[in-house]
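Peer 1: Following the hints, position chain B against chain A.
If you read the protein sequences in the order shown, they are chains A and B. The opening position of the first sequence corresponds to residue 1 in this note's numbering, with each subsequent residue numbered one higher. The opening position of the second sequence corresponds to residue 1 in this note's numbering, with each subsequent residue numbered one higher.
The hints are simulated quantities; they were obtained by calculation from the structure and are not laboratory data. Treat each hint with caution, since some may be false.
[To be verified] Restricting the straight-line Cα-Cα distance to at most 25 angstroms, the calculated cross-link-like pairs of lysine to aspartate or glutamate (DMTMM-like) are:
#, chain 1, residue 1, chain 2, residue 2
1, B, K23, A, E190
2, A, K103, A, D84
3, A, K265, A, E292
4, B, K23, A, E233
5, A, K34, A, D271
6, A, K34, A, D213
7, B, K42, B, E17
8, B, K320, B, E278
9, A, K103, B, D92
10, B, K23, A, E113
11, B, K23, A, E327
12, B, K23, A, D323
13, A, K265, A, E190
14, A, K34, A, E307
15, A, K86, A, E14
16, A, K103, A, E307
17, B, K42, B, E3
18, A, K103, A, D318
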Amino acid sequence: MLPIDDGLKLEIAELLQMYRDMVLLREFEESCPKLYSQGKMGGFLHLYSGEEAVGVGASHAMQDGDYMISAYREHGHIIARGADPKVIMAELFGKATGISRGKGGSMHLASAELNFMGGYGIVGGHLPLAVGLGYAAKYQQTGQVVVCLFGDGATNQGVFHEAMNMAALYHVPVIFICENNGYGIGTSVERASSVTELYKKSCAYETPGNRVDGMNVLAVYQLVREAIARAREGGGPSYIEAATYRFRGHSISDPGNYRSPQEKKIWQERDPIPKLGKYLQQHKGVAPAQLETILAEELQRVAAAIEFAEASPEPAADQLMTDIYVEG
Amino acid sequence: MAEITTREAINQALHEELERDEKIILLGEDVGLYEGSFKVSKGLYAAFGEQRVIDTPIAEAGIIGMACGAAMGGLRPIAEIMTVNFAIVAMDQIVNHVAKIHYMFGGQLQVPLVIRAPGGGGNQLGAQHSHSLEGLFMHFPGIRVVCPSFPADAKGLLKTAIRSADPVLFLEHEELYGVKGDVPDGELLIPLGVADIKRAGRDVTLIALSKMVYTCLEAAEQLAAEGIDAEVLDLRGLNPLDMAAVIESVGRTRRAITVEESWLTGGWGGEIAARIMETCFDVLDAPVLRVAAADVSAPYNKQLEQLAIPHAEDVVTRVKELF
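Bound conformation, chain A alone:
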C-alpha cells in the first residue's frame, strides 16, 4: 500500500486529477506505437509509460508560472503541465498546428505560455539552462521556481556536475529531478555509474539529495512540494532521485531485450496508476465506476487529439526558413 502521509491533506478533487493526468499520459503514449508504425510519426519516439507518477507528482507540486524544463522523454511532462494533448499529438505528426509548429517533434516540445522551457535531446545539456532560469527568477524576484527533469544517464555527464555546482554556488531555486529508470538506453545504471544510489551525487555540492519511490505519485508530490517550498523561501536548490521504470524500450525502435521478464514483471506490479486507483477506492471511497469513467474520458481526449492531428495541415513550405532569427 502507498505510504501516504496523511499530513498531505489533499482534496479528493486533486487526487482524482492526479489519477486523471496519469491516465491521460499513459493512454496518450500507448496510442503512439500504432500511429508510428502507420507512418504518422517519424524520427525518435521515447515513451513515458510507467514513469507517470514522477511528472504528475512534480507538476501538481508546482504553481502556475513556475518553470519546467526537461529532456527528450517529455510528452508526459508538458501534458502534465497543462498542454492540450491535441497540439502535442499534432507536433508528433509534424503538423503546422503542433506546439512547436512541426519544427520540433517528439524531443523538442515547449510552451512559452506554460513556461515549459523545452525538451532537449542532448543528455544533460539542459541542466545548465535550468540554473540560468533559476538565476533569472531569483534576480528578478519573481518567486518562480524551476523544476528540471532528466534521466539517470545525465548524472554521468560533465554538465550535470557543472550545473549542480553553479546551482548551489548561486543558490538558485531549482529542483533537479532525476528520473532513474535504471537504464541509459541499454546500459544499466550499475554498469554506467560508479555510484548507483544516484541521490548521493549532489552531496559534493552540499545540495540536499533524496530518493523517492517514483512509482508513487503522492510520495513524489510530497517530496517535490517540500523542495519547492524550500526553494521559494530562498533555501536554494534540491536534488531528487525518483526510482522509476519505463514499461517500454528506450525508444520505439528498442524492444528492450536487455531487461529480464522477471524484472519487467516486478515493476509492472508497481504500476503507479492502478496503485493510486486502489488507494482512492480503499481510502477515499471512490467507486470503481468513477475511475472507469475517467479512463473513458481520457481515451476520448486521446482519440480527439489523434483526430485533430490527422486533420491538421502540414507546415507550408515557406515556414522552412522562419523562426531562425527574431530580427531579420
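Peer 2: Just chain B now, with coordinates in the frame of chain A:
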C-alpha cells in the same frame, strides 16, 4: 570624438549598457573581482555588484548554459568566454542549445544572449590557445557572428549585439585590445551585418575582418607604392553576411581576395569566394583568391608561428598574381 583603445571601447559599451538596462548581466571566468583576464571589464564589478557582474567557476559549458537559461528567463546576459579556445568546451551549449532554441520550438522562445570571446594567434600561445573560430561559427544557423576591427566598431557593434533579440557571438582579437582609434562620444550603435569600406580603392577588393583588416590596410599601402589601388572591405562579422557590399565592391574593382587568420581549408574565405562566383562571375577579371593561415596547429616557435599566419606581404604577393 576621443582616441581610445579597443579594450576601452568595449568597456565603455559594457558600462553604458549595464547602466541602461538592469536586465543586463555579465558573467564569466574572472570578469568580476579580477576585472577580466584582459581587463576588459575594469570597474564593472565595483559599479554594478556581484549580482550583475558574476564571477563563474571554470566551467564553460555551465557558463553558456546558465547564460542561455537566464536569457530565456527574461534577462539579457553577456557571457564572456575567457578565450575563444575554451568555447570549444561549450560547443554543445552554443550549437545545440543557444543557436537552436528559437527554431526548434517554433519561434516560441528567444535567447537574447551575447557571448564575448577574444581569440587569435601570434602570441606564441601554442596549439590550444591560438584559434580564430569565426569561420566555424558561421556554419551554424541561428547565431550571429560579429568580429570588430576598429575600436569604434567594437563599441557600436557590441551595443547593438546586447540589444539584439538573437544570440550573438562577439569575437574580439587579443592583439587588438591595445590598438587605438577614434570613437565618437555618446551613444554609438552600428547595425549588425553591414560591412564597412576601411580604405577605398579601384583595382582589387581585400575582404577581411578583425585583425586582418589591419593586415590588409598595411598591404594596401605597400601596393599603392607599386601603383595598385586596393580597397579594404571590413565585413565586421560573418552572420549576417553583407554580401551586397562584397558584390558592390567587386563590381567596381573586378578582383577580390579574402584574407582570414584561420585555416584555409573550410574557412570563410572559400564561402565568400564561392558566393562571388555564383553571383557575379561575369564581372571578374581574375579568379577570387584566398589568403589564410597554413593548415596546421599553431606552433610555439615564434618564427614558425609567424610563418603560419598571414601577413601583409602574403597579401601583396597574392594580389600581384591577379594583374
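Peer 1: Each hint needs a verdict: does it hold in this structure or not?
Peer 2: Now the hints, each set against the structure:
1. For the given pair, K23/B sits about 44 angstroms from E190/A by alpha-carbon distance, which is inconsistent with the 25 angstroms threshold.
2. About 18 angstroms separates the Cα atoms of K103/A and D84/A, which keeps this hinted pair within 25 angstroms; it holds.
3. Restraint check: the Cα-Cα separation between K265/A and E292/A comes to about 24 angstroms, which is no more than 25 angstroms; the hinted pair holds.
4. Straight-line distance between C-alpha atoms of K23/B and E233/A comes to about 23 angstroms, which keeps the hinted pair within the 25 angstroms bound.
5. Distance hint between K34/A and D271/A is fulfilled; the C-alpha atoms sit about 22 angstroms from each other, no more than 25 angstroms.
6. Restraint check: the Cα-Cα separation between K34/A and D213/A comes to about 30 angstroms, which exceeds 25 angstroms; the hinted pair is violated.
7. Only pairs whose Cα atoms come within 25 angstroms are accepted, and K42/B paired with E17/B is accepted, the gap being roughly 14 angstroms.
8. In summary, the hint linking K320/B to E278/B is supported, as the alpha carbons are separated by about 24 angstroms, within the 25 angstroms threshold.
9. The suggested pairing of K103/A with D92/B holds, with an alpha-carbon distance near 20 angstroms, which does not exceed 25 angstroms.
10. With a C-alpha separation of about 21 angstroms, the suggested pairing of K23/B with E113/A holds against the 25 angstroms cut-off.
11. Distance hint between K23/B and E327/A is fulfilled; the C-alpha atoms sit about 19 angstroms from each other, no more than 25 angstroms.
12. Of the supplied pair hints, the one linking K23/B and D323/A holds, its CA atoms being roughly 24 angstroms apart against a limit of 25 angstroms.
13. The straight-line distance between the Cα atoms of K265/A and E190/A is roughly 20 angstroms, inside the 25 angstroms bound, and the hint therefore holds.
14. As the CA atoms of K34/A and E307/A are separated by approximately 14 angstroms, the hinted pair is consistent with the 25 angstroms bound.
15. Proposed proximity of K86/A and E14/A is supported: the alpha carbons are some 23 angstroms apart, at most 25 angstroms.
16. With a CA separation close to 20 angstroms, the supplied pair K103/A and E307/A stays within the 25 angstroms bound.
17. As the CA atoms of K42/B and E3/B are separated by approximately 18 angstroms, the hinted pair is consistent with the 25 angstroms bound.
18. With a C-alpha separation of about 13 angstroms, the suggested pairing of K103/A with D318/A holds against the 25 angstroms cut-off.
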